[in-house]
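K.L.:
Listed below are the residues making up each chain.
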Amino acid sequence: MSPVSAVGTASVASEHPLRRALRSGRVAVGGSILLVLLFCAVAAPLIAPYDPNEQDLLNALKGPFWTDTAAPGFLLGTDNLGRDTLSRLIYGTRVALFVAVCAAVGTMLFGTALALLAGYFGGVVDWLISRAVDLWMSFPPVVLSLILIVGFGVGIGNVILAIILVDWTRFCRVVRSEVLVIRRQNYVDAARLSGFSHLRTMLREVLPAAAPLIITLMSLEMGIAVIVEAILSFVGMSVEASIPAWGVMIADARNYMYQSAWGLILPILAIVTTVLAFNLLGDGLRRTFDARLQQH
Amino acid sequence: MSLLALNDVTVTTEAGGRQVDVLRDVSLAVGRGELVGVVGESGAGKSMVGRLIAGMLPKSFAASGGSVTFRDRDLLAMPPRERTGLLGDAIAFVPQHPMTSLNPVLSLGAQFDEHLKRLGQDGKAARRERALAALDSVHLPRPADLLGRFPHQLSGGQCQRALIAMAFAGKPDLIIADEPTTALDVITQARVMELIDELQRDSETGLLFITHDLRLAAGHCQRIAVMYAGEIVETGPAAALLGDPLHPYTRSLVAANPGIDGPVRRLAALPDHMPGLSGFADLPGCRFAPRCPVRDEVCATARSPLTEVAPGRFVRSGGACRQVKTGATEQAALTAVTLDSAADPILSVDGLGKTFRSGRDWLGRRRAPVVAVDGVSLDIAPGEFVGLVGESGSGKSTVARLLLGLETPDDGRIVVDGQDITGPFQRTAKQRIALIQMIFQDPQSALNPRQRIGRLVTQSMEVRRPPASWPERLERARDLLGQTGLPEDTIGRYPVQVSGGQRQRVNIARALCTAPRVLVADEIVSGLDVSVQAQILNLLLDMRARMHISMLFISHDLSVVRYLCNRVAIMNRGRIVEQGPTEEVFRAPQHDYTKALLAAVP
Amino acid sequence: MSGEILGIVLRRIAVAIPLMLLVSILVFVVLRLIPADPVAMSVPPNATNEDIEALRREMGLHLPIMHQYAIWLGHILQGDLGKSIAFGQPVFTLIGQSLPATIELAVFGALFATAIGLPGGILLFRLRGRPSEQVVDVGSTLMMSIPEFLWALFLILVFGVAFNLLPFAGRLPPDMTISKVTGFLLLDCLLTGNLTAFLEAIRHMLLPALALALGTVPLIMRLLRSSLLDVIGEDYVTMARLRGVPERRVINRHALRNALLPTLSLMGVQFGFLFGGTLLVEVIYSYPGLGNLMVEAVRNTDLPIIQGAALVFALAVLTINLVVDVVYIVVNPKLRRAR
Ligand SMILES: Nc1ncnc2c1ncn2[C@@H]1O[C@H](COP(=O)(O)OP(=O)(O)OP(=O)(O)O)[C@@H](O)[C@H]1O
Ligand code: SF4
Ligand SMILES: [Mg+2]
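Read top to bottom, the protein sequences are chains A, B and C. Just so it is clear: in the first sequence, position 98 is 98 by the working numbering, and no numbers are missing. Just so it is clear: in the second sequence, position 582 is 582 by the working numbering, and no numbers are missing. Just so it is clear: in the third sequence, position 313 is 313 by the working numbering, and no numbers are missing.
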């Protein structure tokens with residue numbers, strides 16, 4: 001409003017938001033970790049020293065190279081069946097990232113669409129969608145995903161579907177309240193008065209304003225999806241047994257933690273690092289966008 | 001010796017990588033029992049003066065020169081603890097936003113109790129007695145009941161009275177009131193000012209009254225200091241200063257203020273707007289120079305001192321302004337518009353009604369229905385400007401939204417240019433868009449910050465059938481910017497990159513894009529500074545002369561309505577209580593509410 | 001005043017009832033999607049087709065789904081959740097045996113979360129603008145990245161395996177038994193006057209409860225911090241300072257009391273999630289609660305238990321939300337009607 005802000009922001013506004021985001025340490029660190037993980041996932045057959053399911057029972061429960069129990073050739077040791085931990089970790093990124101990306105895109109599309117409808121139209125539409133959210137939120141997410149997986153059966157597609165069906169509410173709730181705020185801005189009314197249809201108004205005026213929030217939420221959602229997948233694998237309700245997943249590794253290693261704690265620690269670290277990367281990215285993005293919003 | 005004296009105080013901060021003096025050589029004195037006004041546009045540094053005295057300058061702001069003496073001690077040299085000890089006790093404050101200045105989770109009684117305890121009053125019962133007496137002194141009825149209430153259960157006026165009672169409770173030597181009535185309704189505003197006058201008259205308290213409203217200050221203060229861009233440009237006795245302003249800025253301020261009586265003359269609007277903080281650094285000489293009508297070569301570089309030109313009158317004059325003689329600025333008389341009285345009204349509203357039945361709050365409690373608009377009938381002739389005046393909550397904005405189709409009326413008819421457009425928006429969109437458009441109150445929220453101005457003003461061409469080409473839109477955009485007095489290079493800028501006044505022009509340009517017959521303008525100048533307001537008002541007058549456009553001009557400001565509108569309708573609680581030619585209504589108001597409104601104008 | 005609040009509470013309960021009904025429909029329908037045939041699983045391998053058909057009829061599986069639902073609901077309302085396929089015992093009994101353990105665990109988890117989260121939030125807020133803020137902030141992001149089931153494993157590794165400080169299996173040492181009075185172990189220990197057992201039970205609960213809490217703590221911290229940051233910019237805080245109220249009191253009395261309100265309502269949601277978190281934590285700590293029961297049932301596709309446990313989880317979440325809402329209403333004067 002005051003001329004002060006008009007002068008002060010002119011230079012800042014001209015800087016590309018993407019560049020500013022990259023300058024944030026959080027985004028840089030989170031993004032780099034994710035790039036490495038992505039590389040592991042894509043190039044798994046090339047960089048993994050062994051087939052992840054290859055057993056070497058003579059070399060079972062070996063520790064990583066820096067421990068006394070290390071066995072030559074198994075950099076990070078082996079599990080109870082003598083499978084190479086490093087290879088299993090590398091192949092595990094495939095499941096984790098695939099589920100993360102698909103589930104996040106799915107929740108985003110589903111949750112945002114409903115949030116837009118609810119927040120923009122209000123009234124009965126809003127009431128119905130909000131009650132659906134209430135209903136979904138009456139289940140702890142873990143419980144609901146378990147029920148859904150029991151209903152759908154195991155498999156990576158069903159895991160993704162279950163995550164979408166559980167977590168759309170997270171998106172919907174947050175984006176809806178954002179849309180409610182945007183809806184009150186006069187420029188939305190002004191667009192209507194210029195002859196914009198509801199759909200055009202939503203897509204051109206409301207959605208871009210909510211986009212920073214949506215991108216941030218998506219990043220956080222990917223982290224959540226990694227966790228949910230790990231939980232489901234841990235209880236044996238995710239992917240088929242032949243596919244290596246971090247949660248499965250944890251479940252296997254748990255029974256042998258006195259013999260080899262590292263078999264448990266390493267997949268835990270893999271999960272935490274991945275989730276941390278997504279959270280750092282989301283956090284960094286949120287901060288960049290917040291700074292941007294303060295200027296408007 | 002004055003109670004409070006600022007001597008050549010400079011407050012410095014960093015903006016745009018440079019050191020900037022937010023306040024430069026400010027000198028100001030308040031005596032015991034004196035009421036001194038500080039007047040200036042937003043960003044001039046008025047509030048900074050208050051914050052300086054309170055010792056609560058924002059981060060990275062610091063006093064870099066001068067002194068602030070209070071009761072013969074320099075506040076700037078005082079240890080912080082001691083300084084904090086003065087607050088609330090010797091120096092009290094009255095805030096701008098009364099509703100949000102009381103803690104929402106504590107009852108009024110609890111907050112009073114805390115305050116009085118801090119003032120050293122022992123005994124809960126004694127404190128309660130004092131609180132009751134204090135509330136009584138600000139004429140709040142049933143004080144015992146009020147003490148048990150929470151802030152959200154009080155009105156804005158009641159909150160402000162309570163806060164004033166708190167401020168006076170410790171019999172402070174000095175009270176600083178920063179825009180204490182701006183957030184209040186016109187009538188409440190007048191009553192609160194009366195109250196401040198009354199309390200202050202009976203006490204030894206000096207009062208520093210900070211406001212953007214020159215007339216309001218002149219009506220209540222003994223002395224006034226006018227600020228511009230961090231400097232005091234003129235101080236003097238209120239009456240003399242308003243009647244015979246000496247500094248070019250003060251003179252333009254007076255000339256840009258539409259009056260409530262006397263002949264209506266064209267407002268003399270200064271060009272441009274006051275520079276922002278980072279702009280101060282580019283003005284080493286007279287900070288007013290870029291806008292000054294009488295500047296000469298020396299002004300841009302030479303700093304001028306505040307000199308006493310008559311007893312008690314100080315003016316900061318260095319350049320040509322030193323020679324300027326006193327006397328009023330030339331202002332052309334406004335030529336009255338001639339309306340074709342035989343023509344059919346361009347807009348005709350009959351028996352419009354709207355009730356909001358907003359179901360329940362989240363606790364499931366049923367809300368009472370609000371009758372926002374109740375049987376409103378109104379005609380506007382081609383080329384006529386009609387003012388719609390009323391307090392906040394009287395239903396003015398709802399009338400606007402009904403006319404534009406953003407809400408659907410419960411009863412009544414809306415006819416524009418012979419076409420009935422009463423139905424819901426979807427069905428009547430086509431006619432409406434071509435016939436009637438709206439200028440929104442807050443240009444900030446009315447312009448999508450993510451789109452360039454060229455695109456914004458031609459927004460309605462985007463959905464035209466057949467679609468408009470981009471060159472066509474650019475040409476139209478240039479045309480519209482020209483009509484609203486915006487430089488052509490704004491076309492590629494984002495709304496944040498232009499000033500508040502320019503943003504409002506963009507807003508107007510957009511409304512003109514479909515060449516509508518009727519504009520509805522909802523409080524479009526209320527957020528603007530006087531000099532910018534004058535520019536916009538003159539722009540609207542020019543538009544009327546050029547395009548013969550009609551307008552429903554919604555405002556709470558009677559002087560602005562008087563300046564602009566041929567006819568006026570007074571609205572109260574959803575009904576129009578009186579309407580007629582502006583001069584007639586203002587000269588001889590019939591309805592009690594109109595009389596009260598007029599009486600409240602400072 | 002209290003009459004008004006009572007009315008609101010009753011209305012909140014009234015809203016929860018249709019929600020519970022919808023929850024039951026959801027549970028029922030989803031679990032009917034199940035690809036495995038529950039009948040085939042509950043008959044001996046040598047059963048004939050006729051046997052299966054007979055069982056199918058006995059279980060009502062030949063009826064239309066809404067009809068089946070109605071029957072099922074009718075049974076539930078009479079406290080009959082069916083019989084476990086794996087254990088052959090009534091589901092109601094099984095749940096009744098395991099629920100107190102879970103409630104105890106969740107309550108302790110919530111207490112820990114509050115006890116760590118709120119001071120943590122204030123600490124985060126106090127550090128604002130200092131260099132150490134960045135460190136603590138990244139630390140809290142790291143904590144956010146560790147879900148409670150990983151905390152559970154991690155705590156076992158550290159306190160159980162590496163240092164052998166605390167037990168991490170079950171609720172009591174294997175050689176200790178406590179006669180059951182209420183089912184709530186701690187309460188029973190006290191009622192039977194067995195202080196040794198009480199302390200042992202607490203020791204057994206420390207790690208799982210802490211794991212649950214640590215999953216929630218960073219959220220509470222961050223929310224309280226950001227609420228405090230919002231509140232600190234409010235006019236009434238400035239006004240309190242201008243009245244000369246000392247800074248400490250400004251924060252503790254004026255800012256904190258307002259900032260706690262949004263934190264409180266988030267904690268309702270979080271404690272609901274925390275209750276769900278018991279599922280995995282109980283599995284990991286071999287804690288004989290509802291979560292363990294349910295995961296076991298999921299592995300066995302023991303449909304009646306899954307349904308029953310899911311309903312109880314939903315009921316628990318609704319109850320937690322209700323309680324938090326009521327507290328919120330009671331402590332928030334802004335919700336009292338204007339007079
Ligand atoms: N969407 C709505 N839902 C419920 N009540 C509303 C709504 N819009 C307006 N009102 C109520 O209608 C009445 C008139 O509101 P309106 O906004 O028209 O007043 P106004 O005179 O324009 O106020 P201001 O000067 O503050 O803009 C008020 O009591 C307001 O609270
Ligand atoms: S010093 Fe120059 S620019 Fe400043 S007010 Fe006087 S004449 Fe105008
Ligand atoms: Mg209004």
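Worth double-checking, as some hints may not be accurate.
Okay, the calculated bits of chain A under chain C, using three or more residues with CB under 8 Å as the criterion [claimed, not checked]: (1) 37 to 44; (2) 206 to 216; (3) 231 to 242; (4) 267 to 276.
Far from chain C, some chain B residues (derived; all Cβ distances over 10 Å) [to be verified]: (5) Phe150; (6) Leu195; (7) Asp197.
Read the hints as simulated data drawn from the structure, not as lab findings. Using N, Cα and C, we set each Cβ at its ideal position, and we do this for glycine too.
K.L.:
For which of the previously enumerated hints does the structure constitute a violation, in increasing order of number?
P.N.:
Failing hints, ascending: 1, 2, 5.
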